[in-house]
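Based on the sequences and whatever the hints tell you, model everything.
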Amino acid sequence: MTSSIEEPASVRPVPSAVRQARRGNSLGRLVARRILLGFGLLIAASMLIFGGVEALPGDFASTYLGQDATPQAIANIREELGLDRPMAERYLSWLGGIAQGDFGTSWSNRNSVGDQIWKRLGNSLLLAGVAALIAIPLALALGMVAVLYRNRIPDRVISLLSLAAISLPEFFIGYLLIQFFTVQLGFASFPATVYDGMGLGERLATIVLPVMTLVIVVLAHMMRMTRSAIMNVMSSPYVETAELKGLSALRIIAEHAAPNAVAPVVTVIALNLAALVVGVVVVEVVFVYPGIGQYMVDAVTVRDMPVVQGCGLIFAALYIVLNMVADIVSILANPRLRHPR
Amino acid sequence: MPEMLSVKNLRIEVTARQTDGSATNLVLVDDVSFDVGKGRVLGLIGESGAGKSTIGLSALAYGRGGVRIESGQILLDGQDIARLGLRGIRAVRGARVAYVAQSAAAAFNPAHKLGRQVIEASIRHGIMTRAEATKRAAYLFGILGLPDPDTFGERFPHQVSGGQLQRAMTAMALCANPELIVFDEPTTALDVTTQIEVLAAIKHAIVETQTAALYITHDLAVVAQISDDIMVLRHGKTVEYGSTRQIIEAPRADYTRALVSIRQTTRQEARPSDDAQLRVDGMTAGYSAMDVLHDVSLVLPRGQTLAVVGESGSGKSTLARVITGLLPPKAGTVSFSGAALPPARKDRSREQLRRIQMIYQMADTAMNPRQKIRDIVGRPLTLYFGMRGTAKTERVKELLDQIEMGPQFLDRFPAELSGGQKQRVAIARALAAKPELILCDEPTSALDPLVAEGILKLLLRLQAETAVSYLFITHDIAIVRAIADRVAVMHRGKVVREGVKSAVLSPPFDDYTDLLLRSVPEMEIGWLERVLDGRRAVPQVPGAAIELERS
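From first to last, the protein sequence lines stand for chains H and E.
Residues in the first sequence are numbered consecutively from 1, following the UniProt record's numbering.
Residues in the second sequence are numbered consecutively from 1, following the UniProt record's numbering.
The hints are simulated quantities; they were obtained by calculation from the structure and are not laboratory data.
Hints may contain errors.
Claimed, not checked - Listed next, with one range per pair, are the computed distances between beta-carbon atoms:
1. K330/E x G40/H: 28 to 38 Å
2. D150/E x L41/H: 47 to 57 Å
3. A55/H x A331/E: 47 to 57 Å
4. G40/H x Y139/E: 48 to 58 Å
5. S506/E x A32/H: 53 to 63 Å
6. L250/H x N25/E: 26 to 36 Å
7. T15/E x L250/H: 24 to 34 Å
8. A32/H x T151/E: 30 to 40 Å
9. G142/E x L36/H: 45 to 55 Å
10. S288/E x L200/H: 50 to 60 Å
Claimed, not checked - Under 8 Å between C-beta atoms, here's a sample of chain H residues computed to sit facing chain E:
11. Y238
12. T241
13. G246
14. N260
15. P335
Where is the CB? At the ideal position from N, CA and C, for every residue including glycine.
As structure tokens, then:
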């Protein structure tokens, strides 16, 4: 019971997206803005990646030549690779190539970086995709179970286990799983290396352990965020209104809470998918899985710059696209924007 | 005749867990009994914490945050709903008893259309088919005076005004044809001119549908218009229970008498004076391209009180921001004691800043919760007068004395004070600077009526003692009568009427002031009908009519 409040009932906090919409931007323009912004961000990321890789200590020529590194030999290689040109020029020609789908050639084995990336990206996306397919529905379901039984035993067990999972780094979880399932039970295969010509069933059987590792890593965070997003909505006055209409608990959650929890939950899922794609790097190395992450790590050790830069750009693009999708979904989920005054 | 709702010896408790882990039982409602018959309205009135909403929600067998019905009976048409299981309770809620919340804006789900939410309970309880419920909703929208009743339900909550939402919420409660409706402060969050429309709509709908109703409010003048009986509550106990006429015209309990007489204080205005403390000339101000204030001119004589009255969005608070220099105006001047003030705060000298102080509506948010009262009140002493040590402590004690609080409050934190005490500390902090003008921005509107009255009396006493001038921003005409010497009525960023109080508040009126004055509920039975009849006779103010729709 509060006494008189001077604010009129129609005054509610206005999210910035809504304010932009009121300023005359239509929904379409709002979405277009996000896409444009994402593109600009990608360009900025490409500069950072190029500059960052350039700034790495050591260079390819001396690593490649090892003991035979005479100043003359190094200079020859640098000239051959075009390293004597100024950095801005090299950046622009790199970016121009990528715009035409050409990621350049690897310095160490003279293969096309693009071909390698696409092949290995497919492998990585298989790994991340299977993990996401398992983790997302499981996280949503567990999150709702936790809300339904909040502060009771199922909720506490879920909370405790997810806290434990969050606290462990992915490589450690990976080694634990190998120790348990492969060494002690002899149930799963290690290393999880897939080859060309393997059937899908065979591939899936091979990647059981890395998928499990990834699921454990992202599940906990997603589940906790789902729980808190729904809890937040559940404590709002309109849920009380629904309760005072005599609706059942399930109907309240499904019809009154869920539509308002879409935006925060989608944001969390998108962030975790991005984390999944990046987390794949470590997991691939642990399980010797021929994905883009392992490709990148191998390239870093020999300073194979076109490969490192190409992989870095792909990771950045995935991250930006996933976040952009989350942004757009939460704009679309807002009834104020779909149905302006 | 069997009563629709009969509450007998109701006792409601909540278990509060202390920080040390021990649990204590708090009694929220203690031994409360009342009856409401078909087509009758019982008003529940009291200050915050009196247990009004708790009683109202108990009629739906609902308790917020672990509140439980400890003993007593809640008989709905002879059946004790407090003893029903969850399934039985759900069959009652929304179907036989419905609830109208204070803030309809928060109580409607933003994701669904209004129509769908209005008919939901009727359909889920199997009372009507979708077609029947939709038809009834349109009928209810019509009698509640909502625009385009047949298509109103197609809109989303954010697409209609606050007053319309509150009426839609009433339609939602009425839709399933319940035997009882609980109205929980349904007009508190609205402007007075909107409140009167909603009140009239609610009253009309109750008469039409012959439902029983509980009407919860802290405003006795409002409840006098709508209820047949009134129960006055305090600290969860019944203070007085009787017919509306008896409570308003012949209150028995001291507490009720205090509530009834509260709005009847008026102050003799001071004589007009040419010695202007503050003068605002031709001021236009606003944010980016939007102007909030248009060509505003005001005069506040030294040692007097100028009340600036208007509804939300009329530009009152923006005016205060311009005077303090927080928002430099686009045109016009502010002069203080005859000399022009620099428009921006950063260009004013410390001495100029010292002479104008401010008190806010929410004393809570205007104080650092991590500072003790001695630091909050002492800070301006150090800043403006360089006081430290014992001298400073002595002066803080003096100030606490002036606001009728003792030295035992020196080392308390704001969270340990009541709402009224916090506002008093805010006043002491303003006084510490020895200001010549204090801008008071709705300093009492978040407080309970009796506490608010105490604050007003304190402000008047301090003015008599120190000759400080007040610019008092409010939306409440009763406060204007109680404290002002001069009055400025604001509407949509313009001053529509300004002058000494007696002239501003007497006819002939301009259209807006007339509407505003006639919309303020008076502690008089039959006031609402009288005003509504009068309104139909006089042509509507065009500007005000738009305000009602869109505010």
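Is the hinted range of 50 to 60 Å satisfied by the C-beta distance from S288/E to L200/H? holds, 58 Å
Can you tell me whether the CB distance of S506/E to A32/H sits inside 53 to 63 Å? holds, 59 Å
Can you let me know if the beta-carbon spacing of G40/H and Y139/E is within 48 to 58 Å? holds, 54 Å
When you take the CB atoms of G142/E and L36/H, is the distance between them in 45 to 55 Å? At 47 Å between Cβs, range holds.
Is 47 to 57 Å right for how far apart the beta carbons of D150/E and L41/H are? holds, 48 Å
For the restraint on Y238/H, tell me whether the closest CB of chain E is nearer than 8 Å. At about 4 Å, which falls below the 8 Å cut-off, the nearest Cβ of chain E leaves the hint on Y238/H intact, so it holds.
Can you verify the interface hint for G246/H: is its Cβ closer than 8 Å to any Cβ in chain E? holds, 4 Å
Confirm or reject the claim that L250/H and N25/E have a C-beta distance inside 26 to 36 Å. holds, 33 Å
Checking hints one by one. Is N260/H an interface residue toward chain E, by the C-beta closer than 8 Å rule? holds, 5 Å
Does the beta carbon distance between A32/H and T151/E stay inside 30 to 40 Å, or does it fall outside? With a Cβ separation near 32 Å, A32/H and T151/E satisfy 30 to 40 Å, so the hint holds.
Does the Cβ pair T15/E, L250/H satisfy 24 to 34 Å? holds, 28 Å
Does P335/H pass the interface hint, meaning its C-beta sits closer than 8 Å to a C-beta of chain E? holds, 5 Å
Checked against the numbered hints above, the structure breaks none of them.
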